[in-house]
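Student: Chain B with the ligands: place on chain A using the hints.
If you want the building blocks of each chain, they are given just below.
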Amino acid sequence: MKRFRWQNIYLALVFLVLYIPIFYLIFYSFSQGHNMNHFSGFTWAHYQELFQDQRMIEIVLDTLLVALLSSLLATIIGLLGALVIHRVKKPMWKNTLLSLNNILMVSPDVIIGASFLIFFTFLGFKLGFGSVLLSHIAFSIPIVVLMVLPKLNEMNTSLVDAARDLGATQPQVFSRVVLPYIAPGIFAGFFMAFTYSLDDFAVTFFVTGNGFETLAVEIYARARQGISLEINALSALMFLFSLVLVAGYYVLNQYNSSKKGRKRRMEANHNR
Amino acid sequence: MAEPIITFQHVYKRYDDTVALGDIDFELEQGKFYTLLGPSGCGKTTILRILAGFTEASEGKVTFKGQQINRVPANQRQINTVFQDYALFPHLNVFDNVAFGLTLKRTPKKDIKRRVLEALKSVRLAGYEDREISELSGGQQQRVAIARAIVNEPQVLLLDEPLSALDAKLRTAMQVELRQLQRRLGITFLFVTHDQGEALAMSDEIFVMSDGKILQQGSPVDIYDEPINHFVADFIGESNIVKGRMVADYQVQFVGKQFECSDAGIPAHEPIEVVLRPEDLVLTDVAKGKLTVVVDTQVFRGNLYEILSHDADGNQWLIHAVHKAKVGQEVGIYFEPEDIHVMRFGESEEEFDARLEQYEGDD
Ligand SMILES: Nc1ncnc2c1ncn2[C@@H]1O[C@H](COP(=O)(O)OP(=O)(O)O)[C@@H](O)[C@H]1O
Ligand SMILES: [Mg+2]
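Going down the list, the sequences are from chains A and B. Going by UniProt numbering, the first sequence opens with residue 1, and the numbers climb by one from there. Going by UniProt numbering, the second sequence opens with residue 1, and the numbers climb by one from there.
Hints are not guaranteed to be accurate.
Pairs of lysine to any residue residues, derived as SDA-like cross-links and limited to a Cα-Cα distance of at most 25 Å, are as follows [stated by the list, open to error]:
no.	chain 1	residue 1	chain 2	residue 2
1	A	Lys151	B	Phe54
2	B	Lys61	A	Gly167
3	B	Lys109	A	Arg176
4	B	Lys113	A	Lys94
5	B	Lys113	A	Gly167
6	B	Lys105	B	Ile187
7	B	Lys324	B	Ala264
8	B	Lys105	A	Pro171
9	A	Lys89	B	Thr55
10	A	Lys94	B	Thr55
11	B	Lys110	A	Ser175
12	A	Lys90	B	Asp17
Calculated from the structure, these hints are not laboratory results.
Excised from the complex, chain A in its bound form:
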């Protein structure tokens, strides 16, 4: 009983420490003042300001576009990569490929960003939307591979044999058996890639040019110029958006895992 209480207090403390800064930020987005020293009355003004800030809205849309495009493309490329790695039979080659993938996962964003910058300038590639998109795709691919591979490894090879046995051609085996089986891994990879792209700062900071900004970079720039509570409003909205994303992911997972049980129950009710 006592231990149970201590655990709860510990958890509450940790979450408090983690969430207080965010709520502090959100709290002041409704403040009439121009700084976060003391709360001086409720207002929507900062939100109105934000929605009239043409530049900010464009940046938000650009950021979403980059996130969506990069995560989609990274999912496709990463899926193909995972399939290839899965097919490699020789343990040495497989381990080499996996290590190459994992090194990209753990290497610091700063180094990835810097090396992309060197790479793009070396090629004479114009910095901007294209370079940001490419680098986001690049750092998202390993994430997708890492989410899809376990699903492939977990899949029993006799499922493929069974499908072949029942008359499926190679593409049919893939679309009707392999793809549905690893779909949760693909979705998870896509979501991860999407969020990584959304909140990436370091890599983007390096490879973005003059004409193109993402949210993270813009907020950084504005924060350096001095605090504007418009940033707080934006942070609040982004926090809300993340909540929706997490909830969506949760619901999707719930749906996948309970589809079976629910269907069964509905059936039972139906029969009654």
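Tutor: Only chain B with the ligands this time, still in chain A's reference frame:
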């Protein structure tokens, strides 16, 4: 004899450093129940995989209805498989699992429904079509796997140890059901098991395998009564095997005594092994027995007493007796000449068959 539906001709299968199959040669006739029987790792699954088309023979010829099929891909063979782990598709429910093959063939929806329900009924799973796979017991999953295979009306059904994961009672029930199903469908079953009781109970023909080779082929009775060598005798049921020597035709010597037997065609003085099945040994008085043994242990098995005993030379004798004996008691063992089965060392199946034919003709 009818044209065989399947033949293996000198088939070899090698992996990097192991020989999984060495010179496999057999024919399967239409509509019979065949069993590949052998210990784990002897190559049973490999034979099925070659037949189903999941892997290719390294050497030799595989034919289906007279046509060589070595290079025909798995999805174009009129052969279906029931996998050892069932390999049901977890993302599809029972109906869609069973319908999988028919859907691929673009069978009309109405026909699919009729045939799937029919197949489910034939494995006694009517009413389960909307269930998810995860909601089924092992035995039910196993039936779905069978339904999924037979709904495609294959000419040959391959079953890889389909009953090994079931508990003893269910297994016995499924043995009977599978046998009935095979008779009803009239198609060829090639069944794989490492359980000799299962093989004896179900098969028309058994292939006993060891180390990538077929040691003996025959009906359950043939294989049980006339095992070709020590391995087969030991693997197929319990047996007493002792070394001996041929004296003359129909005369054999073992444990220092000479006995009348029913084997012939073996040169005199050749060293041989003798098999005596425990259920052929009858407990009797020492005076009436052909052998005298001392009872070591006795276990009651419900329908019989399993008695372990030894003779003066230290040979062990297992006896299945109807009546009890006393531990430590000296008893006699009686058996008929035809209960003695003589095995020669290193005799091939062809030589064995030839010899059998020759001296049985003499009678
Ligand atoms: N893919 C493979 N690679 C290497 N060796 C294999 C492979 N498949 C089977 N073998 C070997 O072939 C032999 C026969 O295997 P298998 O046919 O599965 O035996 P069984 O089904 O009778 O237990 C075994 O020694 C096994 O190790
Ligand atoms: Mg096997």
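Student: Of the hints given before, which are not true for this structure?
Tutor: The structure conflicts with hints 4 and 7, although it agrees with all the remaining ones.
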